[in-house]
Structure formats: structure tokens, C-alpha cells
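Participant: Starting from the structure of chain A, add chain B where the hints point.
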Amino acid sequence: EPEVTQTPSHQVTQMGQEVILRCVPISNHLYFYWYRQILGQKVEFLVSFYNNEISEKSEIFDDQFSVERPDGSNFTLKIRSTKLEDSAMYFCASSGGSTQYQETQYFGPGTRLLVL
Amino acid sequence: KQEVTQIPAALSVPEGENLVLNCSFTDSAIYNLQWFRQDPGKGLTSLLLIQSSQREQTSGRLNASLDKSSGRSTLYIAASQPGDSATYLCAVSQFYFGTGTSLTVIP
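Protein sequence lines, in the order shown, are assigned to chains A and B. Quick note: the first sequence uses the working numbering, first residue 681, plus one each step. Quick note: the second sequence uses the working numbering, first residue 177, plus one each step.
Isolated chain A (complex conformation) (with noise of 0.2 angstroms):
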């Protein structure tokens, strides 16, 4: 059954650094998300994008964030400049069809990001 992956599992990085999480979605899918989730609390929308920009994001998804679709299958989470707050579990999203509500969301097994 097609999954979403996403690479590295667990990164550990330092305050003011940048990190670059990467995520394969399913490959017919059209729409790609990010969410977060600080341990111990809600998981967190981030972003949404479809066509090759984004479709939505939250306050969270501040200008230190950054998406790109650099090919025809990686979706990547730029972080420029990590704070200790940063710290999550990042989930990677993908979903199919033509309406982005319409659709199941199928989740990668995310990427946990240590600031120190």
C-alpha cells in the first residue's frame, strides 16, 4: 500500500541553525501538508499546498518557514533559523483528488526536530 515517507526520523539540531525536513507524499496525491506537534499538545497545522504554491497556512507558519516542491516527488519544511521552541514532531500530509476537503489525509511517520 502506497505511504507517505519522510527523512530524517529524528534530528537533533543547534539554536539559529537551519534544517530542511524532507517528505516523499503518495504519488498521484495533489495536495501537501506539514503539521507539528509539541509534545504533550495538539498537533498543529502549518501549511497546505497544491499546484506548486501554497493554499493555506497558519500564524505559525511565520517567515522563518518555508515549503518547496523542488521535483516531482519530495515536499520539504525549510526551518531558517531554529529556536528551542521549535522543537516538534513534524507530520508530513498528502491527499488526492481535485478538492482539498474532499479527500483522506495520509500521514508520514514524521521527523522529530531537537533544538538545543
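A couple of the hints might just be wrong.
Claimed, not checked - If the Cβ cut is set under 10 angstroms, some of the chain A residues that face chain B in the computed set are:
id: 1; residue: 684
id: 2; residue: 711
id: 3; residue: 713
id: 4; residue: 721
id: 5; residue: 771
id: 6; residue: 788
id: 7; residue: 792
Unchecked claim - Below, a list of computed lysine to any residue pairs in the SDA-like style, where the Cα atoms sit at most 20 angstroms apart:
id: 8; chain 1: B; residue 1: 177; chain 2: B; residue 2: 203
id: 9; chain 1: A; residue 1: 758; chain 2: A; residue 2: 704
id: 10; chain 1: A; residue 1: 722; chain 2: B; residue 2: 184
id: 11; chain 1: B; residue 1: 244; chain 2: B; residue 2: 216
id: 12; chain 1: B; residue 1: 218; chain 2: A; residue 2: 794
id: 13; chain 1: A; residue 1: 722; chain 2: B; residue 2: 203
id: 14; chain 1: A; residue 1: 722; chain 2: B; residue 2: 215
Unchecked claim - Now the stretches of chain B that chain A is said to cover, found in silico as 3 or more residues with beta-carbon under 8 angstroms:
id: 15; stretch: 198-212
id: 16; stretch: 217-226
id: 17; stretch: 253-261
Calculated from the structure, these hints are not laboratory results. The beta-carbon is built from N, C-alpha and C at its ideal position, and this holds for glycine as well.
Facilitator: Quick look at chain B alone, frame taken from chain A:
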């Protein structure tokens, strides 16, 4: 701003029991509501997706209902099994998640 609440936060039941998990939301203008399962340290697995125009969805032992006017959704699990032990999350319109209900099914 949409607020999503799940009650109870934790639930422990003996195997074989039927159970109901609750999800409440404050703004009835939603696109959809999804129920997810999250195992410890893992990603989310979608269980059921209810469109805004629908009242319920069923998959196997799971049945989810949606009442937009009252801002409520329920997830009914029939004949619970130890393998159902996990955290169950509801998400409104793909943007707003609840804090989850941690379910333990005792053999």
C-alpha cells in the same frame, strides 16, 4: 477561532465493550471532520472522514457521526479489542485538532 475539544481525555474499557468517543467544536462552518488513530511515537492514521454535507460514516466496527448544528461528532467503536488501544484524534477541516482520547482496552 475554532476550538476542538475531546472528552474524555482517557478511557479504559474491558475487551468486547462498545464505546463512544466525543469531539466538540465551536464553529459549525466546517469543511469536514476526520477521526484519526495515533499510536505512541507514530504518525496519524485516518479512520473515517465525514464531509460537511454528511451525517455519518462507517468502516467495519467504527461508526462516526456528525451534527454540525450542535458542534459535535462521535466515534463509536463496537466490540473493542486490545489492538484498538491508541490515542484517537478528531480534526476539523484539516486545520484544527483535538487533544485526543487515550483509549486502553483491557484483555
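Participant: Decide, hint by hint, whether the structure agrees.
Facilitator: Each hint, compared with the structure:
Hint on residue 684 of chain A holds. Least Cβ distance to chain B is approximately 8 angstroms, under the 10 angstroms limit. Using the Cβ-Cβ criterion of 10 angstroms, the hint placing residue 711 of chain A at the interface with chain B is satisfied: the shortest such distance is roughly 9 angstroms. For residue 713 of chain A, the shortest C-beta to C-beta distance to chain B is roughly 7 angstroms, which falls under 10 angstroms, so the interface hint holds. At about 8 angstroms, the closest approach between the beta carbon of residue 721 of chain A and any beta carbon in chain B falls short of 10 angstroms, and the interface hint on this residue holds.
Restraint check, residue 771 of chain A versus chain B: the minimum CB separation of about 6 angstroms is within 10 angstroms; hint holds. Annotation: residue 788 of chain A was flagged as interfacial toward chain B, and the flag holds, the nearest CB pair being 6 angstroms apart, inside 10 angstroms. Look at residue 792 of chain A: its Cβ gets to within about 8 angstroms of chain B, closer than 10 angstroms, so that hint holds up. With a C-alpha separation of about 8 angstroms, the suggested pairing of residue 177 of chain B with residue 203 of chain B holds against the 20 angstroms cut-off.
Our distance criterion of 20 angstroms between C-alpha atoms is met by residue 758 of chain A and residue 704 of chain A, whose separation comes to about 15 angstroms. As the CA atoms of residue 722 of chain A and residue 184 of chain B are separated by approximately 15 angstroms, the hinted pair is consistent with the 20 angstroms bound. Taking the CA atoms of residue 244 of chain B and residue 216 of chain B, the gap is near 30 angstroms; set against the 20 angstroms cutoff, the hint is violated. Restraint check for residue 218 of chain B and residue 794 of chain A: satisfied, since their Cα atoms lie roughly 16 angstroms apart, inside the 20 angstroms limit.
Only pairs whose Cα atoms come within 20 angstroms are accepted, and residue 722 of chain A paired with residue 203 of chain B is accepted, the gap being roughly 18 angstroms. Pair hint residue 722 of chain A plus residue 215 of chain B holds up; C-alpha atoms about 14 angstroms apart against a cutoff of 20 angstroms. Against chain A, the stretch 198-212 of chain B contributes 4 residues with a C-beta closer than 8 angstroms to a partner C-beta. That satisfies the three-residue criterion, and the hint holds. Restraint check on the stretch 217-226 of chain B versus chain A: 6 residues with Cβ-Cβ distances below 8 angstroms, three needed, restraint holds.
For the stretch 253-261 of chain B, the proposed coverage by chain A is not satisfied: 0 residues have a C-beta within less than 8 angstroms of a C-beta in that chain, short of the threshold of three.
Figure legend: structure checked against the earlier numbered hints; hints not met, in rising order: 11, 17.
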